[in-house]
Amino acid sequence: MSLLSVVELVKTFPASRQERHKRVLAVDHVSFEVKEGELFTLLGPSGCGKTTTLRSIAGLETPEEGSITLADRVLFSSAQKVRVPASQRGLGMVFQSYAIWPHMNVHQNVAFPLQVLPRARRPSRAEIRERVERVLAVVKLDHLASRDATALSGGQQQRLALARALVMEPKLLLLDEPLSNLDAKLREEMRFELKRLQREIGVTCVYVTHDQAEALAMSNDVAVMRDGKIEQIGRPRDVYESPRTRFVADFIGTSNFIDGVVEEKRDGRYRVRTEHGSLEVESDAAFAAGDPVVVSARPEHIVLSTDLNGAGPNRWRGRVEVRSFLGEVVDHVVSVGGREIRVRCNSAISIPPPTEVTLVFNQEAFTLIKAGA
Amino acid sequence: MAGGTAAALGPRLFADDSLLRRALSARNVVVLAVAAVVAYLGAVPLGFLLWQTFVRGGHLTLANFRGAYTSVGLGTMVLNSLAFALGSSALATLVGSTLAYLIVRTDVPGKALMFAASLVPLIIPGILHTIAWTFILDPNNGVANQWVIEPLDGHKPFNLYSIPGMIWIEGLHLAPLVFLLMAAALRSMDPSLEESAIMSGASLPTVFRRITVPLVRPALYAGALIMVVRGLESFEVPALIGLRNHVWVYTSGIWQALNDAVPNYGKAGAYAMSLLVLTSVGVYLQSRTSRRGRAVQTITGKGFRPHPVRLGVWRLPATLLVLLYFAVAVVLPLLVLFYASTQGFYSPPSRHTLTHLTFANYTATWRDPFVRHALVNSIYVGLGSATAVMLLAAVASWLVVRTRLPGRWIVDNLAFMPLAIPGLVLGVSLLFVYLRTPWLPVYGTLWIIFIAYLTRYMPYGMRYASTSMFQIGRELEESAQMSGAGWWHTFRRIVLPLLTPGIVAGWIYIVVVSFRELGASVLLYSPGKEVLSIVIWEQWRDGLQTQVAALGVMLIAGLVVLVAVAYKLGARIGVREA
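Chains D and S, in that order, are what the protein sequence lines are.
Residues are numbered in this note's numbering as their position in the first sequence, beginning at 1, plus a constant of 17.
Residues are numbered in this note's numbering as their position in the second sequence, beginning at 1, plus a constant of 1268.
Derived from the structure by calculation, the hints contain no laboratory data.
Note that beta-carbon positions come from the ideal geometry of N, C-alpha and C, so glycine has one too.
Hints should not be assumed to be uniformly reliable.
[What the hints assert, rightly or not] Under 8 Å between C-beta atoms, here's a sample of chain D residues computed to sit facing chain S:
id, residue
1, His124
2, Leu203
3, Arg204
4, Met207
5, Phe209
6, Tyr257
[Stated by the list, open to error] Beyond 10 Å from chain D on every Cβ pair, some chain S residues (computed):
id, residue
7, Trp1634
8, Gln1749
9, Gly1754
10, Ile1762
11, Ile1824
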């Protein structure tokens, strides 16, 4: 069942200092639900409204319209005129900068949320100590409890921020690009660590990131945002394999976009005529003959062959123009007619330019998208 | 994006509690109280000044101005004031920026010496600096006149009691401020700008003229304007030097008007208004210059370590110049002051006086109950106003920097307004306020001096507090909110502790400068409620030259200790004027 529900959220900002009356929609009627125990990701480029949405849930921004409900408790509702202050919402939050208080040590940082509880609900000193130690052990910082918070490394600060957010045992944990300040190696490590912790503790999370790999690796559900709107919500695999718009296909992974027109549908396959040849694409979407479409072709599902026989649908002739070695994979840029198609091969296949090749599109490479979407 | 619906939407607030409880939250009560105090301090004195000056018997009148400018002509007053202020500014800018260039950008030795010298205006109060120079340059018994000028120039001593004499003393006192401003500007200049000019084939003098000077010009103009304003505000030099020869400027005019047999409040008000207009124009021009400068400058905030310019054969003369400055501006006045303090009656140094040194002045001053009483008063008012200013500034800067409350810019401007108000103008205004409001019985008590200091030092407090406030990431407060802390907990446990270094630095600075404040105090004190600077002022006017010197040396020693402690605490305390 859903724990958090966000309905028709709207938040605007003044367009600029000079034109205060003009307002820009930062969040444009955004709605989504997060199920208990799951990790939900808001993914998008900077300025897409993902952080504003997260901060509205936190209570650090006040939206103009919509409602936010957490397990039957209305946190915000424009219709009911309800706005619970951030400090009363009982949510945990990890900030992008970690926001570790530099004048407190590790233990004091984590104890703070318990110390500021109203007297009636505040645990005893002994219990605060015990709970802080327990949560520090969970994030493996128990041996550093008396260390100055500023003496910690980046990864340790990150875990400290997490411990501080978790010590209240919140129903919902908000994470604002928590890994973006770490170096590449550590980021990958923390990605798995975070996922493991989330599963162990069973806390529901809303996660904001611009890193598609992070989103795909960690989430139960992903919402891709653009210009304040959600473009697509779904399981990571569905979003990756069946992007509904060109933006989503482009933002999640890389893709080749080939414009074309539907000729006919036969045996569940659309035959699409393009400038450079025809493609046969499997799709559940409904198109009629003559509809303009875009075929999105993932570079890792295109195969290069030096066998130049048998051109036809899904087998195009081209010439390798550029080859770049990336370690685990080798990228090739292949020219077909006037355009370039990116092909990603495993490192066993490496073809020097200029070589005439045949491009073979596998069916997994394709997604059919309505033109203009 | 911004469609028709978006334009119609404004931010709205929602009441989740009763309206009354929201209105009386800790945050609102504290913030409103602070805003009210700041507004009261900033706006009320000016209101009374306007009213008292322009309204007589219930209607608008310029009679006060006519009265004021009949005794001393408008032209003379304006010309004297401007000549004094512009002259001091020119001297200070020339000396200060030359030294700054030599110290920051060339291989001249003695950098530590110059930075120590730059603290002189902080440590030597203006009145003591002026007194020291009368010992040096008095036409009858000044050391320099007797030993250097008369032998060189026949029998014509330099007349200190003239506009050039005033300019010399004020300019030397202001030079370190220009030095600090220009040193900061030169140090933050990207050396690659000059290096690329050298790579383009320009010679060093060309680089200096075409690249360095244009780049620091906005800072130079801004600095010179600040010094003009400071010159206009100066009271010590016009009162101690100018009055002897009836060289009137606005500040001495105000003082005289209130110290005639019958105080002429209308005349004082008219002078104060005129002076306020001049200083406001100066402050306005200065802020415009800095703002425009920031727009065209590629000077960044980064600290660079530029390669110093090698002076070659000019290194020795440049070094001598720096040493000469140090000797004349720092060593000489201190030495003369100390010498004077060891004499029973003042006469220029000779074999006789140097063999008859006495420390009787020190013991007498130390035992003097009048001095002790003033010291206690100074400590009360100094510590009290420093504490009050920093607490007000902590909340007010939070309000200005952190919140998006609609009226916050008013609080900001009101808190900074006293910057354009000379001490004497503030004194006159507070006099008007508290002579007219007998139900607030602060006139004749120390409280009126406390209020004056509170007003004068509010801008400095705001600057220290808001600089620190900008350094505290917003997320540090937001994470406290997310942890369940309300405003009061967040402010007390997160904001205040993180602000502490800035608050301590500002606090010490205000204590130090409050000990030398004269302009406002001299109009507001009453018998029995003197502060130390007033004791110096009164004793000097009573002709107790050597006793004043002893008291001055002790005061300077005390301030040196205070500033040293500040440095020990790591508080980045500099001369933050303007």
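| Which numbered hints turn out to be false for this structure? | Those not satisfied are hints 1, 2, 3, 4, 5, 6, 8, 9, 10.
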